[in-house]
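Assemble the whole structure, with the sequences as input and the hints as a guide.
Those protein sequence lines, which keep their order, are chains R and S.
All letters in the first sequence, in the order written, are residues 469 to 870 by the numbering used here.
All letters in the second sequence, in the order written, are residues 11 to 394 by the numbering used here.
Heads up, a few of these hints could be off.
[Said to hold, decoys possible] Mimicking DSSO-like on lysine-lysine, the simulated pairs with C-alpha atoms at most 27 Å apart in a straight line are:
hint, chain 1, residue 1, chain 2, residue 2
1, R, Lys562, R, Lys605
2, R, Lys623, S, Lys163
3, R, Lys801, S, Lys49
None of these hints come from the bench; they were simulated from the model.
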Amino acid sequence: MFNIKQAFSDFNYIFVEELKTIIRDKGVIIFFFLVPLGYPLLYTFIYTNEVVREVPIAVVDNCRSAQSREYLRHLDASPDVKIISYCANITEAKSLIKHRDAYGVVSIPRDFSEKLNRGEQVYVSAFADMSGMLYYKSVLTANTNVSLAMNADIKVKRSGGTTAQQDQVAEHPIQYEEVSIYNPQNGFATFLIPAVLILIIQQTLLLGVGMAAGTAREHNRFRNLVPVERHHRGLLRIVLGKGMAYLLVYIPLSVYILGIIPHLFHLNQIGNPWNIALFIMPFLIASVLFAMTVSAFVRHREMCIMLIVFTSVPLLFISGLSWPGSAVPEAWKAISYIFPSSFGINGFVAINNMGAELGDVQHDWYMLWVQAFIYLITTCAVYKASILRSRQRNIEAWKAEK
Amino acid sequence: MNWRLLCREWKRIATQPIYIFCMVIAPLFCYFFFTSLMKEGLPENLPMGLVDEDHTTTTRNLARNLDAFQMSDITQEFANVTDARKAMQRGEIYGFYLIPHGTTKQAQLQRVPTVSFYTNYSYLVAGSLLYRDMRMMSELASGAASRTVLYAKGATERQAMAYLQPIVIDMHAVGNPWLNYNVYLSNIIIPGMLGIFIFMTTVYSLGTELKFNTSDELMAESNNSIIVALSTKLLPQTIIFLLMGSIYVLLLYGYLHFPCNCGIPRMWSVMALFVLACQGFGVFMFTMLPTLRMGLSFASLWGVISFSISGMSFPVMAMHPILQGVSLLFPLRHYYLLYVNSALDGYALANAWPYVLAMIGFMMLPIPFLGRLKKVMNTYAYEP
Chain R
469 MFNIKQAFSD FNYIFVEELK TIIRDKGVII FFFLVPLGYP LLYTFIYTNE VVREVPIAVV
529 DNCRSAQSRE YLRHLDASPD VKIISYCANI TEAKSLIKHR DAYGVVSIPR DFSEKLNRGE
589 QVYVSAFADM SGMLYYKSVL TANTNVSLAM NADIKVKRSG GTTAQQDQVA EHPIQYEEVS
649 IYNPQNGFAT FLIPAVLILI IQQTLLLGVG MAAGTAREHN RFRNLVPVER HHRGLLRIVL
709 GKGMAYLLVY IPLSVYILGI IPHLFHLNQI GNPWNIALFI MPFLIASVLF AMTVSAFVRH
769 REMCIMLIVF TSVPLLFISG LSWPGSAVPE AWKAISYIFP SSFGINGFVA INNMGAELGD
829 VQHDWYMLWV QAFIYLITTC AVYKASILRS RQRNIEAWKA EK
Chain S
11 MNWRLLCREW KRIATQPIYI FCMVIAPLFC YFFFTSLMKE GLPENLPMGL VDEDHTTTTR
71 NLARNLDAFQ MSDITQEFAN VTDARKAMQR GEIYGFYLIP HGTTKQAQLQ RVPTVSFYTN
131 YSYLVAGSLL YRDMRMMSEL ASGAASRTVL YAKGATERQA MAYLQPIVID MHAVGNPWLN
191 YNVYLSNIII PGMLGIFIFM TTVYSLGTEL KFNTSDELMA ESNNSIIVAL STKLLPQTII
251 FLLMGSIYVL LLYGYLHFPC NCGIPRMWSV MALFVLACQG FGVFMFTMLP TLRMGLSFAS
311 LWGVISFSIS GMSFPVMAMH PILQGVSLLF PLRHYYLLYV NSALDGYALA NAWPYVLAMI
371 GFMMLPIPFL GRLKKVMNTY AYEP
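What follows is the structure, encoded as structure tokens:
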């Protein structure tokens, strides 16, 4: 007989029991509190400088004229690179690269000023160490900027205009302006951290819920996920009771991770908080239920660490943030739909970094609800299977005792 | 060598699926995942938008040229900036180019019109690549306008180019001329993943001895010698991980032909150093935090942070000075520096001796703490 009062009382009991488990279990505390509180701080701290400045480079000035010195002076003055040595030849510069004292070399040809004065084109060679793309970017940006600025000056001089307006036309008949939108510093933290924050929520949920499930099994006489006793009867009240407990823990945590951390480190935060809250809700629900489904496959407490931790790195790459989504192969894209983080990252970045409205991310939002629904069904299915198995084992044990 | 103990270890690995998963299946999956995800090397045809308010032959020509660039692909045209911004917020495009009304007319009247381009750096890789094309295009657009005038005045092409662009930058990306992201990232991420598995497997294999109360048996079999117990226990794992390491070395440098200027054998030795260093560090982790839960948490933290702090994506020199020191405590940091020294730049290992020394240091790290480990194995009990 279905009794609504009994159902609520069971739900309450399971809800409170699960909260107690969370607080009592040291392993769960690590993943539900320590990691979500500490890890975002550590991670953001690593990237907090956002950009690389003053990459050390060596230069070889074979021309040694006023113009070549002007070029190098401008280069040294640019924010991206710093000249640490004026070498006599390329071999000397190479030895600086070899000992990792310099990360790039700029070489000015012997006929630099000669060719410029003759009105011919001249090539400046720049070499970048490819151990990091940012070194390459710094060396390229600095040289491009300096050469374009000097080119403009040279053009103005050669054109021999008389008015400022004529000079400007000679310099650039069509002006252009570049706008870095949604990440004005072109920074690394602003770009990577929002994705990492969403991943931290999903992964710690998987780890914590997995560990709680592992503990439940180990404490249980028959290694079952769900104990056979008075309060653990209705399937839905077990799933919802536990799920609500996890959700209750993660709502304040999400406020901290997604709201306070970006604020502390001055990351982009132009989204409407209500939009973020509305978007994160299905993400949390889907993640909790996904974690509960996965937890049914965890036999020992510690096993979930071995199974889950390593997936963080592939999940970050597959989300379309660090590797452009348009370049992710279709097969991997399809696999990424299994994980709430894929939609969560895209939607959160759109709202938080780019100030999108909820309507702009409706695809991600709907998909998260679809995931939440699917994982509710799968969680019920795996719990049902577990309950049936534990009943069977109880009956067998009872028969054996008799 | 204690054969019975060795057999016991092999049997454990063979019969517990978690070992097979962490030592073989998951690493192989990661090898395949990263190399296939970034198969393209350098992302091409990134979607971008165009807001052409001018609609003249000149602006259409400009758009066509921009579309023809390698990285960018104009997938949508918008009536105004608001629409383009909305598409950007929906994640459909990574940037857009704006040609305001009257650009052509003003250019012909020599009134210096301004065009602009917007790049979304929330997607840093895509944004940077698009930026390069859009900036180049803007320079060319300006040049094209001047060039027409120069040709009309009777300049040759060479003279015109020398006037438009007196100084040209000849950029060389040493070691990775294609700017291949697969080469740049997979070379470190793949060993990094293997490192995580080594940390975890080492801690797990030692921790489960306590958890399932088999540590007494282990110590008794090895005549209460921690050296025998530890070395026999780790040897099968060393063999398997060296094998897995050889697979990635062959995959990256043999099959995918990533640049390996030092030859495969030297890179193999760097890999072997890394595997042993990670094992040594794994033992150290367990000795310091001899509960399975804490040990594995330590291993996960160290393993995952390795990627960020190794400096492959964000240079260590740009981090906080404290972190610059801390980065030396991660085997992956030294692996990265050895890889740059050997495979990328082709210098001898002797040139990077401090990092080799650090790897050996990680390997030897458990030795001073063997006494503690012995006590742990003999007396500690599992606590959940």
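How the hints compare with the structure:
For the hint pairing R:Lys562 with R:Lys605, the CA-to-CA distance comes to about 19 Å; that is within 27 Å, so the pair holds. In summary, the hint linking R:Lys623 to S:Lys163 is supported, as the alpha carbons are separated by about 16 Å, within the 27 Å threshold. Pair hint R:Lys801 plus S:Lys49 holds up; C-alpha atoms about 14 Å apart against a cutoff of 27 Å.
Every hint from the earlier list agrees with this structure, and none is contradicted.
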